[in-house]
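*Asks:* Let the sequences and hints guide you as you build the complete structure.
There are 2 protein chains.
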Amino acid sequence: MKPIRVGLLGLGVVGGGTIEVLRRNREEIARRAGREILITHATAKNLDKSRDFALDGIALVADAHALVSNPEIDIICELIGGDTNTKELVLAAIAHGKHVVTANKALLARHGTEIFAAAQKHQVMVAFEAAVAGGIPIIKALREGLSANRIEWIAGIINGTSNFILSEMRSRGASFESVLKEAQAKGYAEADPSFDIEGIDAAHKLTILSAIAFGTPVQFESAYTEGISKLTDKDIKYAEQLGYRIKLLGITRWTKAGIELRVHPTLIPEKRLIANVEGVMNAVLVKGDAVGATLYSGRGAGAEATASAVIADLVDVTRMLTSDPEHRVPHLAFQPDQLRDTPILPIEKIETAYYLRISAYDQPGVMADVTRILADSYISIDAMLQKEAEEGEDIVDVIILTHLCIEEHANAAIQKIEGLPTIVGKVVRIRLEELN
Amino acid sequence: MKPIRVGLLGLGVVGGGTIEVLRRNREEIARRAGREILITHATAKNLDKSRDFALDGIALVADAHALVSNPEIDIICELIGGDTNTKELVLAAIAHGKHVVTANKALLARHGTEIFAAAQKHQVMVAFEAAVAGGIPIIKALREGLSANRIEWIAGIINGTSNFILSEMRSRGASFESVLKEAQAKGYAEADPSFDIEGIDAAHKLTILSAIAFGTPVQFESAYTEGISKLTDKDIKYAEQLGYRIKLLGITRWTKAGIELRVHPTLIPEKRLIANVEGVMNAVLVKGDAVGATLYSGRGAGAEATASAVIADLVDVTRMLTSDPEHRVPHLAFQPDQLRDTPILPIEKIETAYYLRISAYDQPGVMADVTRILADSYISIDAMLQKEAEEGEDIVDVIILTHLCIEEHANAAIQKIEGLPTIVGKVVRIRLEELN
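Here the protein sequences come in this chain order: V and A.
Read in this note's numbering, the first sequence has 14 at position 14, and its numbers run on one by one without any break.
Read in this note's numbering, the second sequence has 86 at position 86, and its numbers run on one by one without any break.
Rather than coming from a laboratory, the hints here were simulated on the basis of the structure.
Among these hints, one or two may not hold up.
Which copy is meant is left open, because identical chains are indistinguishable; a pair holds if it fits in one copy or across any two.
For lysine-lysine, the following DSS-like pairs were computed, each having C-alpha atoms within a straight-line distance of at most 25 Å [stated by the list, open to error]:
| no. | residue 1 | residue 2 |
| --- | --- | --- |
| 1 | K387 | K234 |
| 2 | K237 | K271 |
| 3 | K349 | K426 |
| 4 | K426 | K186 |
| 5 | K181 | K237 |
| 6 | K426 | K2 |
| 7 | K349 | K256 |
*Replies:* Written out as structure tokens, the structure is:
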């Protein structure tokens with residue numbers, strides 16, 4: 001089957017990430033989507049600009065309007081951002097019968113109702129997973145995964161720049177101004193950071209989430225927006241003393257009187273999982289009447305995280321155009337003829353780290369013997385903790401954390417350790433994973 | 001359009017929850033799905049058993065085989081569990097051209113390959129969001145939301161019973177046996193708990209996640225399974241001293257040599273979000289090469305949380321049977337003609353709690369004045385913190401946390417407080433949400 005052809009509007013950070021990931025995972029993505037997805041054409045404001053990603057095979061087009069009407073293109077991927085030119089281009093693409101994938105929250109928060117009506121009329125999809133919370137599939141979760149629920153409220157950390165600043169202010173007791181400067185130096189904040197730190201970006205995203213949750217048109221103009229620039233480290237410290245953290249939250253809640261739609265700094269109990277989402281990470285907490293609270297967290301920005309959502313949408317459209325409706329999504333994610341009999345490793349062959357608890361007589365040389373056995377089995381030690389012998393006891397607990405090793409090597413070493421005359425009983429062995 | 005008709009196999013906890021939620025959210029669900037979803041027939045092992053949910057309108061059928069072949073039924077919803085009779089029933093339903101929604105992890109982990117092949121042949125969907133992690137839409141996230149990624153690994157807390165036991169052992173320093181007894185008394189653990197505490201249930205779920213992540217057939221028979229029954233509170237305590245928590249994790253990882261597929265107690269760094277998922281909650285951490293690590297957490301079991309996933313699948317099938325493919329999922333989740341112009345509340349009308357920081361002269365009567373003003377504005381106080389005046393200062397910080405109130409009442413009270421002669425400058429006001 002011939003590839004799906006994508007025309008790319010915008011060759012910035014996310015455009016580059018999309019090109020890279022589509023190229024790197026080309027085969028894996030085709031195994032899932034049912035056919036190949038190819039970016040065939042692209043356009044950008046400045047075509048001559050040097051870029052740190054290769055364009056080989058992609059035809060550069062100067063005229064964006066020619067691109068969105070090109071009959072060879074199936075899907076238009078809009079990654080320009082902003083709502084000035086993009087609205088016109090997206091509407092033109094729709095009018096030409098193109099499906100549209102966009103990461104543009106400002107566009108949809110302001111003109112979504114008009115754009116979706118045009119898509120409905122022209123029988124095309126407008127997909128926008130990347131518009132909210134980067135790589136986290138929150139649009140899919142809300143529109144499909146939680147469709148049984150009356151949504152009660154949503155609370156989200158949906159601006160990474162603000163969350164980075166607040167996390168640093170709390171952990172280091174630093175002022176807003178000093179952390180903002182650092183964030184700008186690291187590239188986490190723009191030269192003009194107001195869009196992020198004044199909550200406008202978060203309000204765009206929240207507007208989209210709210211409409212999807214409650215079945216209303218998008219209503220950005222009614223959102224309340226208050227940023228973090230007036231927060232002091234003093235209040236962050238007092239909040240912490242009371243058991244709370246301050247986050248820039250986007251909150252939307254259904255009430256009998258109407259819908260709350262607001263972005264502002266918010267104290268939340270530190271014991272909530274979402275209170276512990278730090279740095280540039282995003283998280284969205286959704287309360288449904290049946291499911292209760294579910295949390296979705298991950299990278300909310302960045303080239304490849306956003307590309308992940310853009311490409312998921314491209315796969316969605318491709319599957320729709322490729323398979324019978326009842327087999328749109330293959331049962332096991334990959335097309336049935338693309339499954340592979342990759343072997344499952346026996347447990348002896350897996351690689352993991354270990355917590356070892358060893359009971360030993362409290363006498364010289366024991367640790368030298370144990371560490372020698374580990375070294376001989378190619379197992380290196382990450383941390384060691386020796387407990388004091390209790391009053392009148394001559395046996396002590398020694399805890400060793402190892403680095404990664406192959407399980408059969410660990411088993412052999414443990415067997416040798418248990419054979420030492422200075423060791424009492426069995427070694428307690430629990431696996432350890434850093435999960436990073 | 002006439003309703004989609006569902007035949008229900010099994011009237012246990014999840015069956016009851018599905019009936020309840022479908023009935024309660026009937027209108028909301030139809031606005032999303034495009035038409036009504038009705039359970040028209042049901043069967044159970046013992047039809048005469050008394051149940052704490054109403055069956056009105058649902059025809060009880062004694063013969064499950066008659067039900068799965070009933071030409072009036074569009075979707076068979078299998079909520080019996082176990083893989084003895086269910087395999088035959090599900091295959092019969094598929095052979096009769098019925099779409100199937102199932103929560104049955106044991107069935108799919110053992111016979112998924114055969115069942116999915118039959119579904120492919122008979123052009124029907126077999127949907128199984130409820131089979132893994134209850135209400136968390138992790139199947140949808142993996143199969144669709146993360147389809148751009150090469151999945152590197154998945155680590156999940158996917159058995160609530162075990163997680164409850166480990167959480168209690170850690171927080172109270174209690175033994176495995178004593179917490180297990182308590183969990184049984186609370187209904188969190190079965191009389192024969194081995195299925196949960198020995199990791200078999202988690203291995204069923206992990207097998208499904210692994211196949212979806214890596215594009216392989218389901219291979220439960222190759223999974224390594226080790227439970228929590230031999231864990232001691234001593235090791236939990238030592239792990240904590242080293243900065244780790246012990247969780248029963250299901251881990252599957254792609255390596256060049258093969259796939260790791262293993263369930264066992266695991267130390268994980270306490271600073272990871274997933275290490276802080278406590279009690280009966282579930283969480284799945286997925287590492288993709290483009291998106292990085294994303295976390296999905298929520299209730300992994302229970303009548304309505306599982307029903308949430310079952311009904312999401314019913315909506316998925318219904319949308320497929322109802323709309324044109326490109327409008328399968330409405331842009332704003334609800335059908336375009338079902339959007340409502342629910343008003344957005346102005347910020348003065350929202351309800352929230354507050355953190356108030358007041359600078360006051362350190363003299364008698366100040367707090368009496370402030371608390372009187374709050375009481376007169378119907379604002380009750382949740383907590384109060386008065387800082388000591390610093391050496392040589394005569395102004396102190398007073399922090400007040402309020403209960404929920406309407407923002408305009410808070411504004412009025414703050415204005416009055418700022419008018420007090422004993423108060424210095426503006427009151428700092430930050431909103432507070434408990435998010436529970």
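*Asks:* Are the hints correct? Go through all of them and say.
*Replies:* Here is what the structure says about each hint:
For the identical chains of this complex, K387 and K234 are inter-copy neighbours only, at 12 Å across copies versus 40 Å inside a copy, given an alpha-carbon limit of 25 Å. Proximity of K237 to K271 under the C-alpha cut-off of 25 Å is found in both arrangements, the shortest distances being 16 Å within a copy and 20 Å between copies. Only within a single protomer do K349 and K426 lie at most 25 Å apart by alpha-carbon distance; the minimum there is 22 Å, versus 65 Å between protomers. Taking the closest pair of Cα atoms, K426 and K186 never come within 25 Å of each other, the shortest separation being 50 Å inside a single copy and 34 Å across copies.
With identical chains, the CA atoms of K181 and K237 are at most 25 Å apart within one copy only, with a shortest distance of 21 Å there and 41 Å across copies. For a Cα distance limit of 25 Å, the shortest separation of K426 from K2 qualifies neither inside one copy, at 61 Å, nor across copies, at 66 Å. For the identical chains of this complex, K349 and K256 are inter-copy neighbours only, at 12 Å across copies versus 58 Å inside a copy, given an alpha-carbon limit of 25 Å.
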